[in-house]
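So the chains spell out like this:
There are 2 protein chains.
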Amino acid sequence: MTHPLFTKHEATLDKALAAIETRGYWSPFAETPSPKVYGETANADGEAAFKAHFGKIFELDQPSTSETVGKERSPFGIALDIRYPKAEPDALVRAAADAQSGWRAAGPQAWVGVSLEILSRLNRASFEIAYSVMHTTGQAFMMAFQAGGPHAQDRALEAVVYAWDQLRRIPAEAHWEKPQGKNPPLAMQKRFSIVPRGTGLVLGCCTFPTWNGYPGMFADLATGNAVIVKPHPGAILPLAVTVRIAREVLREAGFDPNVVTLLATEPNDGALVQDLAVRPEIKLIDFTGSTQNGTWLERNAHQAQVYTEKAGVNQIVIDSVDDMKAAARNIAFSLALYSGQMCTAPQNIYVPRDGIRTAEGHLSFDDVAKSIAGAVQKLASDPARAVELTGAIQNDGVANRVDEARTLGEILLDSQSLAHPAFPDARVLTPLVLKLDARTDEAKFTKEWFGPISFVVATDSTAQSLDLAGSIARTHGALTLSIYSTDDKVIEAAHEAAIEGGVALSINLTGGVFVNQTAAFSDFHGTGANPAANAALSDAAFVANRFRVVQSRVHVAPMAVPAVAGQTA
Amino acid sequence: MTHPLFTKHEATLDKALAAIETRGYWSPFAETPSPKVYGETANADGEAAFKAHFGKIFELDQPSTSETVGKERSPFGIALDIRYPKAEPDALVRAAADAQSGWRAAGPQAWVGVSLEILSRLNRASFEIAYSVMHTTGQAFMMAFQAGGPHAQDRALEAVVYAWDQLRRIPAEAHWEKPQGKNPPLAMQKRFSIVPRGTGLVLGCCTFPTWNGYPGMFADLATGNAVIVKPHPGAILPLAVTVRIAREVLREAGFDPNVVTLLATEPNDGALVQDLAVRPEIKLIDFTGSTQNGTWLERNAHQAQVYTEKAGVNQIVIDSVDDMKAAARNIAFSLALYSGQMCTAPQNIYVPRDGIRTAEGHLSFDDVAKSIAGAVQKLASDPARAVELTGAIQNDGVANRVDEARTLGEILLDSQSLAHPAFPDARVLTPLVLKLDARTDEAKFTKEWFGPISFVVATDSTAQSLDLAGSIARTHGALTLSIYSTDDKVIEAAHEAAIEGGVALSINLTGGVFVNQTAAFSDFHGTGANPAANAALSDAAFVANRFRVVQSRVHVAPMAVPAVAGQTA
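Each protein sequence line maps, in turn, to chains G and L. Counting from 1, one number per residue, gives the positions in the first sequence under UniProt numbering. Counting from 1, one number per residue, gives the positions in the second sequence under UniProt numbering.
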């Protein structure tokens with residue numbers, strides 16, 4: 001009874017199982033937008049598909065009112081004017097429940113097979129999705145392609161394979177036979193049914209709608225749940241395309257497409273989301289966004305398993321370096337990438353006020369701060385190249401935050417607006433770098449300043465830097481921590497601070513790996529051990545509670561002969 | 001670096017891993033209190049050890065005030081007068097945190113090895129624990145021995161092996177190497193550290209202190225957490241003996257024994273528990289008890305992973321039988337066992353008002369009701385034998401509930417007080433069986449009447465019986481559901497009702513297996529899919545979120561040679 005889509009993708013699944021066991025490098029989805037991989041016309045076709053949505057009503061044959069919604073704006077300033085069918089949450093909840101019974105009955109191999117087929121189709125749509133991500137989030141094209149396409153697909157597949165790894169451990173049946181001494185054994189046949197929780201709700205964010213939305217969505221699907229996908233009002237299109245493709249695959253495979261539906265909304269949809277999130281039918285919630293909204297869900301949606309990724313304060317500790325320029329280049333790239341609009345972007349950079357050791361001698365605090373600011377300045381100096389790194393600012397809130405941050409301390413490097421060569425109306429900002437002091441400014445740097453805002457913080461010592469790093473991660477949350485040191489003891493102390501803060505540690509990054517990037521199948525994204533996220537992407541805990549097991553047992557004839565009298569106690 | 005206690009118990013662990021994979025019969029702990037297994041003097045020694053506690057202060061060298069607490073009363077009426085060292089919750093929390101760092105650093109094999117050694121010592125103490133369970137819970141000796149000793153140890157081992165099964169999937173290290181076309185690959189060495197949540201709190205119940213307390217306690221230990229064990233004020237001794245043994249093993253293995261501490265209290269400790277449960281240091285809570293207290297924890301202890309087992313309404317659906325007498329005998333045993341003071345004991349028995357089919361012809365509703373009441377009456381008729389089945393009533397609340405229930409409907413069989421031949425002051429009650437009607441009495445039978453109280457409920461049809469069973473389980477919670485039918489279609493419908501209600505189903509039990517008994521390694525206890533429990537004993541979800549993974553990564557030299565130019569996309 002193996003499902004044909006399971007058979008079709010079984011080789012990929014087996015490789016993914018091996019990958020999560022060894023956690024070495026592996027990816028089935030090519031990250032380069034190369035014509036050789038994706039086809040000669042893939043880019044042009046994808047762009048055309050993207051542009052075909054402009055000024056139209058997005059077609060989606062799911063329950064809807066006759067009205068439409070949609071107020072997305074491109075951070076690059078082009079007019080989108082895309083409208084989506086409006087749906088009543090109530091109608092989607094009912095449709096999901098109706099669709100769920102047939103989906104549930106299909107069983108684990110069908111759930112996994114269909115999930116993998118959806119991913120394979122999403123991969124083919126990577127260019128359409130890339131342009132959609134670019135013009136809703138403000139990511140530059142290359143990042144929108146990679147993070148929004150293949151890397152998001154990797155994270156989705158990772159969630160699917162973790163789900164399968166747990167599902168396959170539950171035997172469908174068991175023969176149980178308990179010896180009874182000289183009497184015949186007690187024998188029972190048991191049946192174990194995987195019972196999905198019910199309906200999941202995925203609440204997307206406006207910066208990485210697919211990368212952050214897929215893990216929950218695919219973890220739900222692969223464990224037999226129906227899913228209502230509610231994108232952020234500012235980044236609907238990438239998830240709308242995703243839902244359209246998921247529904248196509250479901251329908252082709254003979255399932256009710258309402259296993260996956262889209263709930264498109266307009267800005268200020270908070271009340272609608274809160275009402276939906278506490279409905280008894282919603283059993284799973286995956287959320288990426290503000291601490292305020294995430295905490296509200298954790299504390300109010302008691303009927304659901306709630307997985308959240310919220311705000312955090314990512315930190316870099318500089319103790320000593322071989323090559324300050326290489327370190328500064330790497331840090332500057334991390335600060336400039338997508339203008340710091342990443343949940344993994346560093347914010348606080350701790351440097352001892354007495355300076356640091358380097359291979360070329362002592363550097364003062366100001367030398368280190370200047371080196372970092374200079375490296376950022378260099379990245380920002382050529383607008384045509386800079387915009388391909390920074391992309392555009394997703395929303396006014398980020399831009400306003402940069403203005404607010406300017407008053408926090410001494411400006412080491414001011415944020416500038418750049419003119420985008422291709423998009424004259426794009427809102428582009430380069431990083432703002434400030435100088436703060438651990439003695440006086442803790443209230444300023446213990447909160448998240450989401451966007452292109454960072455602080456070089458003078459500390460009394462590396463020991464204090466590590467203390468701050470561990471305690472701030474533990475108390476305020478963090479997804480990343482970075483240490484620069486040539487001293488093994490300091491690196492071990494950084495390991496301890498990382499454990500204390502429950503945060504992933506990167507050590508001496510000076511090359512082509514950046515602290516804000518994680519690789520699916522190898523790096524866990526988030527730990528679930530500090531306030532920045534209550535779950536990791538992905539691990540067993542992320543999937544194992546999305547389904548339950550219901551068993552039955554009935555007497556059957558024993559298979560063994562009774563023991564001879566006296567043989568057992 | 002394999003821990004010697006891991007090596008010592010590795011063969012048992014391997015068998016346990018095989019058992020949870022196949023879910024056939026397996027148990028490493030002999031359930032018969034046989035001198036051949038436990039030693040010729042084990043019973044006498046255990047009883048003597050138990051009696052040696054009378055009128056004494058229980059010795060436990062953990063942080064305590066100079067005061068003592070303890071007001072346990074034996075349901076069999078003997079004087080216990082055992083006092084326990086009083087501990088300030090604050091002092092135990094600090095001691096646990098201090099102990100936890102060394103325990104955490106020891107790593108998974110040490111946690112699992114020490115856990116298994118504790119279990120092996122607990123097994124040897126099974127008689128002392130059995131008498132302790134008997135005289136705090138009111139269980140008859142055989143049940144106290146089996147459920148309180150080897151079966152509880154089985155459930156503990158099951159939690160340990162599930163923990164190990166997840167822990168062993170996280171590699172300690174990984175080499176990650178990403179091809180870069182014609183350039184050298186990016187290569188990183190990654191380290192994955194298992195980070196326990198911190199301190200767990202186990203809140204015991206007064207009916208099955210070890211059976212319900214061990215899974216959480218051992219799941220916490222096996223994943224590297226410290227544990228504060230807070231027994232129910234009415235059943236401290238079994239867990240005090242357990243904690244004493246755990247501390248002995250920890251000390252012998254070179255760990256701070258405060259990894260496990262006891263918080264003994266006196267009745268009405270609700271405020272103390274609530275204050276402790278919301279402390280930031282408490283990261284895990286395992287609770288068995290009332291819906292009111294369990295729900296309070298779920299909704300208020302946001303800083304912790306909360307696992308609860310609460311009230312439920314267990315149900316039997318009678319559709320048709322081959323042999324009514326055999327069915328009635330089995331049901332009667334389940335009603336009488338420990339006077340129904342089991343979270344798995346049946347309460348509502350649905351019978352169509354028009355009667356049922358049997359191999360010997362039609363039986364009216366009243367015939368079926370009489371058959372069940374008669375079988376119970378027969379079990380209760382010989383007090384000397386009956387008390388070995390019913391044990392004694394744990395607390396006045398249960399006895400009062402029986403009085404209250406008498407007014408709910410027509411009495412099919414009244415509850416009687418029995419004189420216990422060995423314990424003249426024992427409080428023994430036989431089952432009360434009432435007749436109710438689904439048309440008029442739903443408000444009465446949709447709540448739990450914990451104790452020797454059951455209802456034979458007249459329904460319009462088996463279809464209505466199954467509807468009630470599924471919806472009551474889903475809405476009010478249930479740990480067990482039982483169906484009697486000779487019709488395969490009805491049994492399939494019962495499977496559907498079980499899935500709807502998220503409850504384990506037993507089919508046509510007429511022999512030596514009873515609906516209120518589950519076998520570790522084969523039967524999941526609870527599903528986590530209805531209000532009776534938010535977790536199952538045991539599965540991956542029960543353990544996977546008791547620890548987190550913190551990783552580090554650092555560049556290393558690549559192992560592979562770069563691909564030739566043009567070979568990669």
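Hints may contain errors.
One copy or any two copies: either way a pair holds, since identical chains are not told apart in the list.
[To be verified] Heads up, simulated DSS-like pairs for lysine-lysine below, C-alpha to C-alpha not over 25 Å straight-line: (1) 51 with 182; (2) 71 with 378; (3) 489 with 15; (4) 36 with 178; (5) 447 with 178; (6) 56 with 378; (7) 15 with 178; (8) 36 with 182; (9) 447 with 71.
Hint data in this document are derived by calculation from the structure and do not stem from the laboratory.
So, going through the hints one by one against the coordinates:
Proximity of residue 51 to residue 182 under the C-alpha cut-off of 25 Å is found in neither arrangement, the shortest distances being 78 Å within a copy and 35 Å between copies. Taking the shortest alpha-carbon separations for residue 71 and residue 378, neither the intra-copy value of 36 Å nor the inter-copy value of 74 Å comes in at or below 25 Å. Proximity of residue 489 to residue 15 under the C-alpha cut-off of 25 Å is found in neither arrangement, the shortest distances being 37 Å within a copy and 41 Å between copies. Within a single copy, residue 36 and residue 178 get their C-alpha atoms only as close as 61 Å, which misses the 25 Å cut-off; across copies the closest is 19 Å, which meets it.
When the C-alpha separation of residue 447 and residue 178 is checked against a cutoff of 25 Å, the pair qualifies neither within a copy, at 59 Å, nor between copies, at 35 Å. In this assembly of identical chains, residue 56 and residue 378 lie within 25 Å of each other by CA distance neither inside one copy nor across copies; the values are 42 Å within and 77 Å between. Only between protomers do residue 15 and residue 178 lie at most 25 Å apart by alpha-carbon distance; the minimum there is 16 Å, versus 39 Å within a single protomer. Taking identical chains as interchangeable, the C-alpha atoms of residue 36 and residue 182 lie at most 25 Å apart only when they sit on different chains, with a minimum of 16 Å there against 71 Å within one chain.
In this assembly of identical chains, residue 447 and residue 71 lie within 25 Å of each other by CA distance neither inside one copy nor across copies; the values are 30 Å within and 49 Å between.
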